[in-house]
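*Asks:* Given chain A, put chain B in place with the hints provided.
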Amino acid sequence: MSPKEEIYTRHAAKGSDRGKILAEIMNAEGKPEVLDDILVLDVSSANFAGIICASFLAEFGAEVIKIEPADGDPARQITPFGVTVKGVGIPFMFEGRNKRYMTLDIKNNPEDRKIFAKLAKKAAVVIESFPPGEMDSWGIGYRQLSVDNPGLVYIALSAYGQYTDKAKESANMPDTDITSQAGSGLPAQMGGTPNEPEPNSWPLRGGMWAGWYVSGLSAVLGGTVALIHRQNTGQGQMVDVAGMDAYSSMVGMPATIGYTWEKARPRIGVLDFILYPYGHWKCKDGFVAIAAPRDHDFRALLKILGLWEQEDDWRYSSDRIPDILEQALHLHKIIEGKTLQFTSDELVKMALNYSKRSARSKWRGGGVPIVMKLMTPEEAMKNKQWQIRKAFQEVEDEKLGKYTISANFVKMSESPPRVKWVSSEIGKDNEYISKKYLND
Amino acid sequence: MEDYFSYTAKLFNPDEANQKPEALKGIRVLDFSHVIFGPIAARLLADYGAEVIKLELPFYGDLWRPATYWGKYWKHSNPIWHNITKNKYFLSVNLQLKQSKELIYKMAEGADVVIENFAPGTADAWGIGYEKISQINPKIVFLSCSTYGQFGPMRYFPGWDLLAQGASGVLTLNGYPDTDIYYKLPDYVGDFVPGNFGALAILMALYHRKKTGKGQYIDMAQTEGLMRLLYHYTYHSVTKEAIGRTGNTDPTMMPASIFKTADDKFLALACATADQFKNFAGAIGKAEWATDPRFASTLERLKPENAKALTAMAVDWIKSKSCADIVKLADEKGFPAAEVADDYSIAYDEWRRKRGSVVLFKDDVYGNLVIAGPSAQLSGTPSRTKWLARPLGYHNRLVLKKFLGMSEEEIQDLEKKKVIGTFDDRPGLKPPVYYNLSEDPIYNYGKEVRK
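Protein sequences, first through last, are from chains A and B.
For the first sequence, our numbering begins at 1 and goes up steadily by one.
For the second sequence, our numbering begins at 441 and goes up steadily by one.
Bound-form chain B, shown alone:
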């Protein structure tokens, strides 16, 4: 039989991923959302082949376009926004005009999914909510994203990822016990996780629609998405106590902490089971720990007094060894250990590039950029990147001509009436200054361009 890893190397071969079929081909999505939560739900669908048309206001655009890390732009764009909005069609429409709404209604006729994350009630007030869109297209799957949900007394409270972390209890779990410092989870997890939940709900609704022909309305509250991740509520209901903050130690396994190694690196090491603990104890020459009555059984080991003793012994051993030596030993003997990765190592680790979880992407407008691959690799219908984010209104012509069958004259009329528009001079909205849009065949879709 062929070696397993040579079989899987062919099955998942990243070089062939772009030729494989796309699971969501033919699904059209209208994305009214902004910032991260809604746009991520839409992007995930685009990654798997859906046609996602992102609507933005002319000359303003998505609030997150200029929101880059510490104000650092890359080729006049926000580098991290490329990850949040890749693979989409960028259409810039002034929602306040009647003619714009007619455009949206026309697009809604042929759409399968709508995503919005305005303050609850706003989409309906503007005539682009579920009530109106489902009259035009009863088979529509409509996702509304918010922090607290579309009903309930807090529904009109504004929110961000931070507030969802604060309202669910997630924020108060991070930090050291007996201090008065809490930390929020980084990287807007409170948007990305609910965004993935939103995409999951849409996929389920599409699956259901295929079986029954029925569309539906989805109300995704980001706080409730985060709540789904906490067994802490059950712990409280059973024990009447709180888990609280436990610093760098995971109280569900033992040992399980972030440690400092002899070469001043940070390493996470854990033993979730009796077997893993036996492997660990054997590997470090302390086989007797695995028969010590305090540590032999998993539940005994987890008791706070035993856990404390064992963690102290683990600290001593780990600070006498280099990080690389411990990880090598863990690979050989079969216990979990990993150096704490950071932005730089994630961008440059060879294995991530080979796996396709980090990709050096060559884009027609922006050139080379390293971006994240999918968090799940599919062998048959893989997620893929086709293009990065685009300047505001970049696909106006393509969307209106190709998807709505409009003529150049009609489009010029819309431009004159300011129904559609593009960017101004702000970074995040405009193309790189050296990029000549007049020669870009997609920006000028349907027109003659000189190359």
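Only chain A is shown next, with the shape it has when bound in the complex:
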């Protein structure tokens, strides 16, 4: 894009047109939407995994109706420090993408359940997060809805899933992000080493909704597989996501390591259990992330930092894997001694200058040590890369005003996802929905 674009690969396209052409191809405006023939009913309650799953379908063009009681989904109040705009919490605003809002109290009102069942006849997807079996006991579960609508894809979210004895025994336990993280083992791998003072040595919570977003993503992926099967055969099915295992199943490592090693990994602080150096270091003006895990990357890093005398130290020549914590921390300190002498910009430049030469020479072994300034979310928003890629979008809610969201999470040349509008008002589309779907 810029004429002074830095090239760190041997294979950059000739001329700088490729970037410009791609940026144009990936423009969403006027493009068809994949799911424009799909109606989704989201009756999830106090569960962002459901809301997130619905958002993804809405971004790909589905008509998504968020159904909630007149006092609103309690998820509206799940918000950092209780901050709201006119009563609407920040995460609910963030996920309020391309949705319709309808009020029905299916939990308490049997009449409303009938209206829901009528809508569900026309729906391709239902998303719910009530205790397993509750929708079924109201006569509007998958078992009943699929009689009139065999093509229905029914996505259920819960803590322990819809089947097994455990699911039955723990059916009343609601699903939240932090319990999903814990049940899936994420915090067990985060936090300080065992010899650090409490609570640093405790398992640490991931500082964003790793549980709920992984559940929501799992649900939409499973749901889309089901939609493809429906497209091919007309058959629907049930999709069951359990917060207590979604993360551990997505990353897969805990089960296999627990079995082959016959114990759990200890917490190793800022180190990584496979790659090294692979983490972040303090520098003059903040922190840098450094990844130089391959042998040639590591050696390049030593050269850049003026640490070449460490190269033939037995501890690093072939075994930088931090299974001996002391040894790994020793090298960590040595590297820190150097990074502290430079600013993040200087370190980034040093690494990139080396990599550029490395990419063009076949004698340097291709070592590419990667150094990057650690960004907070707030700093990331200002980065030009994401402005050009439209990763952030300023949106305006009729009632709540303007705010910024991250959007356009994947670029597609023919049928990209997009955010057309945001809204959050309870019951806003009651009339529209009854005219469009309930008139017959």
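These are calculated hints, taken from the structure and not from any lab test.
Backbone N, C-alpha and C define an ideal beta-carbon position, used for all residues, glycine too.
There may be inaccurate statements among the hints.
Stretch-level coverage of chain B by chain A, calculated; a stretch enters the list once three of its residues show a Cβ under 8 Å from a Cβ in chain A [unchecked claim]: (1) 442-451; (2) 459-467; (3) 572-578; (4) 593-607; (5) 683-690; (6) 839-851.
The following label-pair restraints were derived from C-beta to C-beta distances [stated by the list, open to error]: (7) A:P266 / B:G684: 26 to 32 Å; (8) A:D285 / B:K546: 49 to 55 Å; (9) A:E398 / B:M753: 38 to 44 Å; (10) A:K402 / B:K759: 24 to 30 Å; (11) A:N195 / B:E571: 53 to 59 Å; (12) A:P266 / B:A749: 30 to 36 Å; (13) A:D323 / B:S737: 46 to 52 Å; (14) A:E29 / B:G807: 41 to 47 Å; (15) B:A727 / A:T343: 52 to 58 Å; (16) A:G306 / B:E571: 28 to 34 Å; (17) B:G845 / A:H330: 46 to 52 Å.
List time: in silico DSSO-like cross-link candidates among lysine-lysine, alpha-carbon distance up to 27 Å [claimed, not checked]: (18) B:K802 / A:K263; (19) B:K651 / A:K436; (20) B:K705 / B:K718; (21) B:K654 / B:K546; (22) B:K718 / A:K166; (23) A:K168 / B:K450; (24) B:K748 / B:K773; (25) B:K887 / A:K166; (26) A:K121 / B:K651; (27) A:K86 / B:K748; (28) B:K515 / A:K402; (29) A:K263 / B:K768; (30) A:K263 / B:K705; (31) B:K680 / A:K402; (32) A:K20 / A:K384; (33) A:K166 / B:K743; (34) A:K118 / A:K435; (35) B:K680 / A:K20; (36) A:K390 / B:K654; (37) A:K263 / B:K515; (38) B:K460 / A:K121; (39) A:K86 / A:K399; (40) A:K31 / B:K579.
*Replies:* Positioned in the frame of chain A, the structure of chain B alone reads:
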């Protein structure tokens, strides 16, 4: 009416899963990718029935083949790589030779999906990028994976999961406030989450292709995938402030922390709603909390000063009870609580085995291995495991004979010219030393083997 859980037990019965139809049967995928991000997108498609042909360089193979936890191998393979690359066909082709490219072009004619995650520009420079492949097969769905995307001034920056976590802001959210220590999210979430996004985009493109007949190009940047998970940007745009690090407390619910119990276990407990809080307060004999003006309303409870007071009271109660007692109470009364699971408990918990989220898989080459099941269970077209990872070049014969109709003589000629190849003696690439490949009917596909 039949009990709900006996109905669902039949609907999802893991014993019958392998006989059910596969949603992506007939979809053929060429997987040029390596490490985790691209391979996971391809594996998810394979789990649902797609034929995924993974291409690797002879004698090198995927960079991640030998990258196991703390250098620990299992039967001369990398145990965690079995999860990342199961259900695929392993073809080893030397990309630098003209004849190899002809092979790839021939495969591209019949393929539906291509996945690559080289540095942006590399696939095109090698003549296997979207530009070339879409000329051969205009209906192709082509996914390019990278850290910063295929366009924009940072596109040529190299990256890993760590850099995506660093560039999106995810990394700076983990840790305790007022300290100078941050932690990255573990287990390469920064690869697995974008890998799932990549697979989602491919599925959407396949759905679109069925309707319109059109293929397309997909540009998935792992940093943007992680950005989609942060409402922190919206918080900043509304309040001009940052959420920052909040240690073990989730600032969106109250209480919501990881606590230590009387028996020195770690437990996450949360109340996301007024109802859940009422259940919790009642369960611990503090029903009056639910009417305390500081705590009764969810938004009041979340205010930092009230949250602090309530967390302190929760800490006191939790450290007087055993973990199992609290979880039992939570089940009965309906509030969220869970012990912090670890590798060992995840591998051995009975409920996970019964659910199929952890599976003891019996493999023809490697024998028994515990691997993760899918993160979403489908009743009609479930994800399944058919085989684990394989040594480098294991399916050369099968792919070339079955999918490309080549003869044994042609294949031997390719071997002689080093167009295709297999493993060397390094663990991660080779089969278990005691495994006799000469008797393996798949490795020797189309040849007579003695058993």
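*Asks:* Do the Cβ positions of A:D323 and B:S737 conform to the proposed distance bound of 46 to 52 Å?
*Replies:* holds (50 Å)
*Asks:* Within a Cα-Cα threshold of 27 Å, do A:K166 and B:K743 meet the stated pairing?
*Replies:* Violated, at about 35 Å.
*Asks:* Mind checking the alpha carbons of B:K460 and A:K121 for me, to see if they're no more than 27 Å apart?
*Replies:* Since the Cα atoms of B:K460 and A:K121 sit roughly 25 Å apart, the hinted pair holds (cutoff 27 Å).
*Asks:* Tell me if the straight-line CA distance from A:K263 to B:K768 falls inside 27 Å.
*Replies:* Within the cut-off at roughly 25 Å; holds.
*Asks:* Check the following: the C-beta atoms of A:N195 and B:E571 are separated by a distance inside 53 to 59 Å.
*Replies:* The hinted range 53 to 59 Å holds for A:N195 and B:E571, with Cβ atoms some 55 Å apart.
*Asks:* Does B:K718 sit within 27 Å of B:K705, going by the straight-line distance between their CA atoms?
*Replies:* It holds: about 25 Å lies between the C-alpha atoms, which stays within 27 Å.
*Asks:* Within the assertion that chain A covers the segment 683-690 of chain B, do at least three residues meet a Cβ-to-Cβ distance smaller than 8 Å?
*Replies:* Since 8 is at least three, the answer is holds.
*Asks:* For the pair supplied as a hint, A:K118 and A:K435, is the alpha-carbon distance within the 27 Å limit?
*Replies:* holds (13 Å)
*Asks:* Just to be careful, I want the Cα atoms of A:K86 and B:K748 compared with a cutoff of 27 Å; is the pair within it?
*Replies:* With Cα atoms ~24 Å apart, A:K86 and B:K748 stay inside 27 Å; holds.
*Asks:* Take a quick look at whether A:K168 and B:K450 sit within 27 Å of each other, Cα to Cα.
*Replies:* It holds: about 14 Å lies between the C-alpha atoms, which stays within 27 Å.
*Asks:* Holds or violated: A:K31 with B:K579, Cα cutoff 27 Å?
*Replies:* At roughly 17 Å apart (the allowed maximum being 27 Å), B:K579 and A:K31 satisfy the hint.
*Asks:* Assess, step by step, whether the Cα of B:K515 is no farther than 27 Å from the Cα of A:K402, and give holds or violated.
*Replies:* Status violated; Cα separation ~57 Å.
Hints 3, 6, 10, 14, 16, 17, 25, 28, 33, 35 from the list above are not met by this structure, while the remaining hints are.
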